[in-house]
Each structure stands twice: as C-alpha cells, then as structure tokens.
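Chains as they are written, first to last, in our numbering: chain A, 3 to 218; chain B, 9 to 480.
Think of the hints as simulated: they come from the structure by calculation, not from any bench. Here the structure is a predicted model, which is why all the values come from computation and not from measurement. Ideal placement from N, C-alpha and C gives every residue a C-beta, glycine not left out. Check each hint, because a few of them may be wrong.
As the list claims (entries may be wrong) - Derived SDA-like pairs (lysine to any residue); straight-line CA-CA distance at most 25 Å:
#, chain 1, residue 1, chain 2, residue 2
1, A, Lys16, B, Tyr242
2, A, Lys175, A, Cys145
3, A, Lys8, B, Met227
What the hints assert, rightly or not - Residues from chain A that keep clear of chain B, each with C-beta distances beyond 10 Å, as calculated:
#, residue
4, Val27
5, His60
6, Pro84
7, Thr144
8, Pro199
9, Tyr205
Stated by the list, open to error - Covered by chain A, per the in silico footprint, the following chain B stretches (three or more residues, Cβ under 8 Å):
#, region
10, 164-173
11, 221-232
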Amino acid sequence: MPQIFKPSANTLAKASIVGGLLLAVSLIGLLIGLGRSSYVTRAQEFIEQPIQFSHAHHVGDDGIDCRYCHTSVETSSFAGIPPTKTCMNCHSQIWSTSPMLEPVRASIRDDRSLRWIRVHDLPDFVYFNHSVHVKNGVGCETCHGRVDEMPLTYQQNSLQMEWCLDCHRAPEKYVRPRSEIFTMGYRPPVPQSVQGPELVKAYGIESLTNCSTCHR
Amino acid sequence: MSVVQEREYDYVEGAAAGAVRGVPPVIAPGHTFETVNDKISGVILTKRTPIGWFLGFAIAFAFLMLLNLTIGKLLMEGIGIWGNNVPVGWAFDIINFVWWIGIGHAGTLISAILLLFRQQWRTSINRFAEAMTLFAVACAAMFPLLHTGRPWLAAYWLFPYPNTMGLWPQFRSPLIWDVFAVSTYGTVSALFWFTGLVPDMATLRDRAQSKAGRIIFGMLSLGWRGSARHWQRYEMAYLLLAGISTPLVLSVHTIVSFDFAVSVLPGWHATIFPPYFVAGAIYSGFAMVLTLAVPLRKFYGLEDFITMRHIHNMTKVMLVTGMIVAYGYANEAFFAWYSANPYEGYMMLNRMTGPYAPFYWSLIAINAAMIQLFWFRKVRNNIPLLFVLSLLVNVGMWLERFIIIVTSLHRDFLPSSWDMYAPTRWDFAMFAGTIGLFLSLFFLFIRFLPALAMFEMRTIVPEAKLQPEHHG
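All chains, please: the whole structure from these sequences, using the hints.
This is the structure we're talking about:
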C-alpha cells in the first residue's frame, strides 16, 4: 500500500499542535486587547463639531474657567452645555464678523441651538453625577484629560467600567484638594501617596463599589 | 494482527470464563479478530447507508431544526417566550440541564470507573456511551447559556478573564462552580473519547477503500502504527485519563446538586443532595445507554457484541442506583417530618398532595416501585420490555427534577407570591429540539465512527488468549 502522507506530515502535525496553541493564545490576547483599544472605546479620537471650537484656545490661551460655560457642574448631575448666548457674550464684540463663527451668529439669529456632538457618552444604564465628583476632590482633568491642550475635544479615557472602578476602588490615588478641581496640569505639592489618604479622610470619601451606586 | 497480540491482556478473562459461571458471555462464541473488525468497520466503510439510518436521521434532524427555530425566536424575543416567571424563575432550562448532565454520567462511569475496576463487559458499550456523554453535555450546556438570553455576553458572566468591567464572577456561587465542573467534564470526556478512538482510526485508515477515507482517518489516527511503544504510551495515557475522569463521575453532579443545596429553600437545602443526585445521574445515564443499545444492536445486528450479559449488568446498575434514589426520596420525606420545620413539612405535603402531586406520585411509581421489576430475570431477559422501562426511567428522572425545582419555587415563603408554573410550547420545542440534536449527533456518530471499540473488542475474543509466548 502506498504511503498516504509525505514525511513532511510529521513536522506539520507537530507544528500544528504548537501553532494551534499559539493561535488560541494570540486570539484570546487579541480579543482582550481589542476590547480596550480606542477602536472600540473611541478614546483619543477627534470629534467633528458644527464649529471648530477649541478648548486649547479658550481654556489654555484665554484662561477661561470651566464653570464659565459648564455652569451646573457643581450643582447638577449634568455639567451643562452653554447656550449660544454664552458665546455671544464675547463674540458679539470680538471676531464678530469671522466667517468661522457664522453658525454661532446664525444660531442666535434664528433662535436655534447649536447641535454639539456629545464626546463623552456614557451608556444609558449608568447613573453619573458631576457634582458629587467635583465636590469630592475629583478634578476635571482626572477624567477629561488636558482639555486646555485639545484643539478639538476628544475623549481622553476609555470610560469602561474598569476605568471607573480604578478610582472607585482606590479614590486616594486620584483625589486632589477642592481648591484645585479646575486646575489643568495639576501636580500635588506633597506625594499623592501622602496627600491622597489624608484628603479621603478629610472629605469623608467612601469607596463606593456597590452595583447600585451607578446602575440604579 | 500481531500488533494486538503484543498487548498485555492479563486482566482479560476471555469469553469462556463468563460462560462457565452460567452468565452470558461478553462476546458470543466464534468470533476472531477479523470478524470483529469486519463487523464494526463494515458499518462505516460502506458506500451503502441503510435506508433506516436515513429515516432515523431525518426525524432527528427535523427536531434539530426545531431547536434552531426556537433558539432564533429566543434570541429575537428573549426568554419571555418561556413559561418561567417569578416565583418560578427556573424551570425547563434548569430541569433539562440537570437531566442531560445526569445522562452523561453513565458514559464516564463506564469508561473510567469500570476500566479501573477491570470490568471487561464495559468494552463493547464504552465507545457509544462516551459519545452519548459528549452529546448529552452539549445539549445540557445549551440551557444555562440560552437562559442568559444573550449567550454572546455569557462569556464574561461565566468565565473569569480580565474583562473591561474590572469584574470577576462570583466565586462563592455554585453556578460558577457549575461552569468549571461542566466545562472540565466536557473537555476530559472529549479527550478520553478521542484517545480511545485513535487505534480504531488506524484500523479504519488501513481498511478504507477511498482516498478521502484514508486521508481523514489517517489524520485522525495521528500516525498510529501500532508499535509496542505506541501501545505502551496509549495504555498509560488512557489509564491517566481514566484516573482524571473518575472523580468527575462524582464531582460534576455533586456540584450540580449544590445549585440547589447551597440555597436556603425548603426541599433544596438538604445534605442528602450530592449522593442522591449522583446516584440519580448514573441511574438515568444507564437507562439512556440501554435506550440506545437496544435499537443499535438490533439494527446493526450487534447482538454478538452487546450480549445479554451487558443488558443484565446495565439493568443491575440501574436497580442499585435507582434504589439509592428511592432512598433519597424517603430521606426527603423523613427530614421534612423529623426537622419539625413547618416550611419543610409544608413543602413535602405540597409535593404529595399539592397541584403537582400527580407528577410526584408518577416519579415515585417509576423510580421507587417500577424498578423493582429489575429483580426478575424474566424482566431482564425481555428486551422490548427493558427498552420501554428504560424510556420510563428517563421520564421518571425528568419528573424528579421537575418536582424538585417547581414545587419548591412555586410555593414561596410568602403566600402572596404563590403562583403556578406551566411551560409554554417553546419550552417543549426547546426540549424536543435538544433531543433532536442529541439523536442527530448520535446518528452521525454511528455512521461515521466505530460505535464499538474494535481494538478493545479484539482483546476479549478467544484468539487474544492463544499466544502466551508473545507475552514474554
């Protein structure tokens, strides 16, 4: 009877055992990695807006406080998107004829809101409250990154649950004094390992990891 | 054939030994290595598939399609298509899961424990019993997965891996123990089954007429040449796998019983549960082996290989395990009285006289009363009757799970939340569908793979005993 397989089949058989294992491991690794990639989370991705509004210019160059526009961040779950009137406080005086700002003028003329595209969109099954975070020593920068360096706003972090839990499980790693909430590029004067636990104690911050804290 | 003779057969008594003691032999007289090979491989290496096979497969396949339809409906509409609802949050999905998992246990017991105890009668039934185990586990696994409603998300609910939620499964829950028990069970059973198939694959490779057959069986036989070294390694691997499988016979259904016993619910929270469930599993499993063996040996004329000895032994195992199960029922009733706990007492009273009482008394009639028939040699010799009884045993064991699950749940602690449970047509469709899946797989198995272990069968023919000089 002739041979069914060539001698190379022996090598192939052995290689396929190793190859199969490697393939399985790399597929699992790929899936775990892919789930965290910005391809899935949309982090680090510039979002086109109706107007090319630059936080880098308004916050970084002009030094406008976050709360000038996001007025309800300290009192409400929602930080607040400014009405066109807030824009016009300045832009009725400066750059008032700039073609770039035509949509802003059109908005006030026609009494129609600007349709900003939401950058940080949490899932609907998550309850999130800005004011409680701001009151308890979580700086804007901690979640939103260096907004003062973003020519177009993008999502800095993954917004995945493990990212939330990273802080909720150990808030002392991230809290800062209440006076520094709106500071960009904050550096703790004493090491965070010393300051963090003190602030947690002083502000009475709890590590809330109960499911119903966020999934109400 | 010299290959076979080189094996160590010290544990094989040979066919004649059994006959001396007045028990039917494990293989009918007059068989040689060649007739065993011919008979078993002839089923596979033929171009002519019997029309009966097509008929049976067509029916099984129709039910498999019903399963697909049900799953499609379930995924589109959610588990609301099933009848379970508060307070009966678990019903057909867990009943059928436990039922199928239980059935699988006979395969493992036959292949592992009977091997270690050197019971040569396991030889002609182990292969298809192991296949039965695998297919039953596949059917069982479907229920908890689909019970989640979104099985594609079930991976992170069930398996501990570094997921993006930063969460791990609840390791204190018996449901997660179940995941490990069942997946280990499935993996080890598959390995055991395939390892046992390798020498037979080589036989089929050598006997195959078609090129495709030679290549496929050649790949599956992993380069088996039947050298002494191959056999030595094979025996060691098979023994090790048997050693690994043996605790699984006890552990898997123990953990399944923890799903209930760990909860604090009258009728579930009982220490008798693990042994009672394991015995029930083996009992129902042997009933299923018998259900499959009777038509298989008839249809393919395998009466020489699956002899009355096998039928008798399986019946006896059913009798013993069935009596353990009956003892479990008695114990449940005893606990209900002896504990003097009003909830336990009510649970038992409700089982015996409540709305589901007919099911309770049916299962008692089958699992406690009917099995006493197996004491009689006349019954054990009556194959059509045994076939019917084995089917009834599986009905009885299904009813047992129904009673345990539904009666404890439908009478909640608060009478205001009492309710009745009734399955919907989709519950039945899903159950019938898994039976279709099971039978379809089984039909494919008997057509394309050796349903009996040829090389092990060769060890019990008289010819295997004839050349002592080879044993040197």
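Consistency of the hints with the structure:
1. A:Lys16 to B:Tyr242: holds (18 Å)
2. A:Lys175 to A:Cys145: Holds, at roughly 13 Å.
3. A:Lys8 to B:Met227: holds (12 Å)
4. Val27: Val27 of chain A is indeed farther than 10 Å from all Cβ atoms of chain B, at 13 Å.
5. His60: Check passes; 33 Å lies beyond 10 Å.
6. Pro84: holds (33 Å)
7. Thr144: For Thr144 of chain A, whose nearest Cβ neighbour in chain B is about 17 Å away, the distance exceeds 10 Å, so it holds.
8. Pro199: Per Cβ check, Pro199 of chain A is outside 10 Å of chain B; nearest 22 Å; holds.
9. Tyr205: Non-interface label on Tyr205 of chain A holds, nearest chain B Cβ at 24 Å vs cutoff 10 Å.
10. 164-173: With 5 residues close enough to chain A, the hint holds.
11. 221-232: holds (count 5)
In this structure, every one of the numbered hints holds.
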